[in-house]
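Colleague: Take the sequences, apply the hints, and build the full model.
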Amino acid sequence: MGITTPNGFNLDNSGKRIVVDPVTRIEGHMRCEVNVDDQGIIRNAVSTGTMWRGLEVILKGRDPRDAWAFTERICGVCTGTHALTSVRAVEDALGITIPDNANSIRNIMQLNLQIHDHVVHFYHLHALDWVNPVNALRADPKATSELQQAVSPNHPLSSPGYFRDVQNRLKAFVESGQLGLFKNGYWDNPAYLLPPEADLMATTHYLEALDLQKEIVKIHTIFGGKNPHPNWLVGGVPCPINVHSTGAVGAINMERLNLVSSIIDKCIEFNRNVYLPDVVAIGGFYKNWLYGGGLSGKSVLAYGDIPENANDFSPAQLHLPRGAIINGNLNEVHDVDQRDPEQIQEFVDHSWYEYAEAGKGLHPWDGETKPKYELGPNAKGSRTNIEQLDEAAKYSWIKAPRWKGNAMEVGPLARYVVGYASGHEDIKNQVDGLLGTMKLPLTAIFSTLGRTAARALESEYCGRLQKHFFDKLVQNIKNGDESTANVTKWDPSTWPKEAKGVGATEAPRGALGHWVRIKDGRIENYQCVVPTTWNGSPRDTAGNIGAFEASLMDTKMERPEEPVEILRTLHSFDPCLACSTHVMSPEGQEMARVKVR
Amino acid sequence: MTDRVLILGIGNLLWADEGFGVRCVEAMAQSYALPEGVTLLDGGTQGLYLLPFLEAADALIVFDAIDYGLPPGTMKIVRDDEVPAFMGAKKMSLHQTGFQDVIATATLMGYRPAKMVLIGCQPVELEDFGGGLRPAVAARIPQALEIARATLADWGITVTEGRSRAEGLAQAPLLRDAYEAGRPSEDDACRIGDARFFPQVP
Numbered sequence: 001m002g003i004t005t006p007n008g009f010n011l012d013n014s015g016k017r018i019v020v021d022p023v024t025r026i027e028g029h030m031r032c033e034v035n036v037d038d039q040g041i042i043r044n045a046v047s048t049g050t051m052w053r054g055l056e057v058i059l060k061g062r063d064p065r066d067a068w069a070f071t072e073r074i075c076g077v078c079t080g081t082h083a084l085t086s087v088r089a090v091e092d093a094l095g096i097t098i099p100d101n102a103n104s105i106r107n108i109m110q111l112n113l114q115i116h117d118h119v120v121h122f123y124h125l126h127a128l129d130w131v132n133p134v135n136a137l138r139a140d141p142k143a144t145s146e147l148q149q150a151v152s153p154n155h156p157l158s159s160p161g162y163f164r165d166v167q168n169r170l171k172a173f174v175e176s177g178q179l180g181l182f183k184n185g186y187w188d189n190p191a192y193l194l195p196p197e198a199d200l201m202a203t204t205h206y207l208e209a210l211d212l213q214k215e216i217v218k219i220h221t222i223f224g225g226k227n228p229h230p231n232w233l234v235g236g237v238p239c240p241i242n243v244h245s246t247g248a249v250g251a252i253n254m255e256r257l258n259l260v261s262s263i264i265d266k267c268i269e270f271n272r273n274v275y276l277p278d279v280v281a282i283g284g285f286y287k288n289w290l291y292g293g294g295l296s297g298k299s300v301l302a303y304g305d306i307p308e309n310a311n312d313f314s315p316a317q318l319h320l321p322r323g324a325i326i327n328g329n330l331n332e333v334h335d336v337d338q339r340d341p342e343q344i345q346e347f348v349d350h351s352w353y354e355y356a357e358a359g360k361g362l363h364p365w366d367g368e369t370k371p372k373y374e375l376g377p378n379a380k381g382s383r384t385n386i387e388q389l390d391e392a393a394k395y396s397w398i399k400a401p402r403w404k405g406n407a408m409e410v411g412p413l414a415r416y417v418v419g420y421a422s423g424h425e426d427i428k429n430q431v432d433g434l435l436g437t438m439k440l441p442l443t444a445i446f447s448t449l450g451r452t453a454a455r456a457l458e459s460e461y462c463g464r465l466q467k468h469f470f471d472k473l474v475q476n477i478k479n480g481d482e483s484t485a486n487v488t489k490w491d492p493s494t495w496p497k498e499a500k501g502v503g504a505t506e507a508p509r510g511a512l513g514h515w516v517r518i519k520d521g522r523i524e525n526y527q528c529v530v531p532t533t534w535n536g537s538p539r540d541t542a543g544n545i546g547a548f549e550a551s552l553m554d555t556k557m558e559r560p561e562e563p564v565e566i567l568r569t570l571h572s573f574d575p576c577l578a579c580s581t582h583v584m585s586p587e588g589q590e591m592a593r594v595k596v597r
Numbered sequence: 001m002t003d004r005v006l007i008l009g010i011g012n013l014l015w016a017d018e019g020f021g022v023r024c025v026e027a028m029a030q031s032y033a034l035p036e037g038v039t040l041l042d043g044g045t046q047g048l049y050l051l052p053f054l055e056a057a058d059a060l061i062v063f064d065a066i067d068y069g070l071p072p073g074t075m076k077i078v079r080d081d082e083v084p085a086f087m088g089a090k091k092m093s094l095h096q097t098g099f100q101d102v103i104a105t106a107t108l109m110g111y112r113p114a115k116m117v118l119i120g121c122q123p124v125e126l127e128d129f130g131g132g133l134r135p136a137v138a139a140r141i142p143q144a145l146e147i148a149r150a151t152l153a154d155w156g157i158t159v160t161e162g163r164s165r166a167e168g169l170a171q172a173p174l175l176r177d178a179y180e181a182g183r184p185s186e187d188d189a190c191r192i193g194d195a196r197f198f199p200q201v202p
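Which chain is which? The protein sequence lines are A and B, in order. Residue 380 in our numbering sits at position 380 of the first sequence; the count goes up by one each step and never skips. Residue 149 in our numbering sits at position 149 of the second sequence; the count goes up by one each step and never skips.
Calculated from the structure, these hints are not laboratory results. Think of the CB as a built atom: it goes at the ideal place given N, C-alpha and C, for glycine as much as any other residue. Hints may contain errors.
Taking lysine to aspartate or glutamate pairs in the EDC-like style, the calculated list, with each CA pair at most 20 Å apart, reads [as the list claims (entries may be wrong)]:
{"hint": "1", "chain 1": "A", "residue 1": "K218", "chain 2": "B", "residue 2": "E167"}
{"hint": "2", "chain 1": "A", "residue 1": "K372", "chain 2": "B", "residue 2": "D128"}
{"hint": "3", "chain 1": "A", "residue 1": "K226", "chain 2": "B", "residue 2": "D128"}
{"hint": "4", "chain 1": "A", "residue 1": "K489", "chain 2": "A", "residue 2": "D520"}
Reference excerpt, derived from the structure (chain B facing chain A, CB under 7 Å, subset only) [what the hints assert, rightly or not]:
{"hint": "5", "residue": "T39"}
{"hint": "6", "residue": "Q46"}
{"hint": "7", "residue": "P52"}
{"hint": "8", "residue": "L108"}
{"hint": "9", "residue": "M109"}
{"hint": "10", "residue": "A139"}
{"hint": "11", "residue": "G182"}
Modeller: Take a look at the structure:
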């Protein structure tokens, strides 16, 4: 039986149910269930987060100047961006401004993280949704070389001998029996469309990306003092600048700045010669697979980031755009105010929480986190082993954040749609250029591939922005300004008795906000609304489905028992799960299991 | 004699016994004076970020919570080729990049350390966000350190009692005493809820 959601999706849960559950040490975290009709087309989608984090309560009573160090541990992939959001929230609450150099350095670090994350996401996770590494073993190195030179004439690593060497290395590795990757994929699924030489080219670039990412993170060591888990500071950045002498240990001197500059150049080169050409080349083979748009053509949200000048977060001053688009109306970009209690609200009617007042949305400053774990009457299995969720009832530990009542997609594609609609020159040129090259209409960006392409374009743009802020930093230092921190309000005795603030950033995965309340020098309440809360949100009071759910709708599955298409689309969001899966175990295990009911 | 040794603690200190490895390197810094060439690092849950550190090491000691199906609190030592190395396929998220992937990737790239020792402890409790080490696991830290010291001695490196510089460790508020002492009560923290992770709920 079908129903239509307020945000325009026709749901029908009568067909076969498929459950995809990632297997981690702590079971669950994110799972999705879909119903397919007899043609294998997805007619209903249910996404759930099966774990409650509650970082909010770990932070209660702690020193707000330390909050960043805790938030950095939420996640092993997006450490720095949580730290930045946290220091911004505390600075906002206490009215602390930061110096220009701190703004430039923070921007370089945040942009660096975007590039690192986008590159690693594409080559390490997402490429395997499109590229078949088993097929790469069968490729002709000469044909691969010709393909490489055709798609990226400036990339120096393109000889037949180079690709033969890589192929031999892969073969040796497979023969050593260690590469679960080659055994455990759905490699004979007809959803894979690349010819062997494209598979070899992309697999080779996976290795090149691994080499590059080692270099990229050095920037975090230089400015953050250490990596992993770089240092941050409320009021600025923790690294002193001293370009006139050898200076104190850890001070930023010309030698270190030159290293930063050379890393930035490597990022720019890789984006231009490898990453973007790969996305164009791979995308060319999948041009007819334009599923996965979901909310991207309807409702998208970006907080904006990368302020040109310190402490100025007005939309025109942000290099990554801010704004909201609703109901697919690209002619109107709404401004977003994270403080306005009527704009961002979280609903829990389909989440395992309860509010004092049912059916109401709460702004994060007034957020409540009271668990209520109960399964709906149509759920199958038991409380301790859910076989099938009942999406008409509560079904997720993720709350449902909404912007003025609308379910929103966040992330690189959301940023690019907002940027395009706002007339952001760099973004518009990039998007039009890519669509022109690929001979696709604008509507093609509202898709899984569009999300993947936006991430690559953004990586390229972030490379240029990094250079811009590096030059700005060096110029400012040359002008005699070596200040990196404002410590006038470091001492809690200078703070008001009570204060509240919000910090917002664009994390690689999308809009990230931390809301803090400070009382008597200690954290009174701390709420994080992370990008995967937006994208992975369940239905809300009005019945609007969330971004993951929307993106799976109407997709045709080649083989329902092999959810290549589901993984492809969910991966395109770069979803965030809790990082607690690092327990060593003796055997390789599959990272997802599938049940067809 | 081994030139460059990396002593790495991995895991998420926010998840109870997941923090075992990180707490071991922290205790190592507080207990031993390590010679030049031996680096202590809190690797957290950093996955591929750790590759450059592996590349720069001839020998590796890893402290981690392990899952070998042993009774909780049991130690397990694994050496060289027996250290798990595989790449997980069908990942849902990059956040599922475990240390097994890191070692497999280092192997593929040709910079896996020549010598490796994994010093593991089977956890008692993982599903307690914001929690600290359980007593049975915390009690294993001295033994883990002793094994690390013996391993270093095998490699021709002598360590004495004392302290080591610890730039690679967690920031002060996250060190074990501060972290565990600052934890709110169970009621304040609502550590109740999903029966799968909070089995005390009826």
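Colleague: Decide, hint by hint, whether the structure agrees.
Modeller: These are the hints, each one checked on the structure:
The straight-line distance between the Cα atoms of K218 (chain A) and E167 (chain B) is roughly 15 Å, inside the 20 Å bound, and the hint therefore holds. For a cut-off of 20 Å, the pair hint linking K372 (chain A) to D128 (chain B) stands: about 18 Å separates their Cα positions. With a C-alpha separation of about 28 Å, the suggested pair K226 (chain A) and D128 (chain B) falls outside the 20 Å cut-off, and the hint is violated. The straight-line distance between the Cα atoms of K489 (chain A) and D520 (chain A) is roughly 14 Å, inside the 20 Å bound, and the hint therefore holds.
Residue-level restraint check for T39 (chain B) is violated (minimum Cβ-Cβ distance to chain A is 12 Å; threshold 7 Å). Checking Q46 (chain B) against chain A: minimum C-beta separation of about 4 Å stays under 7 Å; hint holds. Checking P52 (chain B) against chain A by beta carbon gives a least distance of about 4 Å; that is within 7 Å, so the hint holds. The criterion of a C-beta within 7 Å of any C-beta in chain A is met by L108 (chain B), whose closest approach is roughly 5 Å, and the hint holds.
With a least beta-carbon distance of about 6 Å to chain A, the hint placing M109 (chain B) at the interface is held under the 7 Å criterion. Hint on A139 (chain B) is violated. Least Cβ distance to chain A is approximately 19 Å, over the 7 Å limit. Because the closest C-beta pair between G182 (chain B) and chain A is about 6 Å apart, less than 7 Å, the hint holds.
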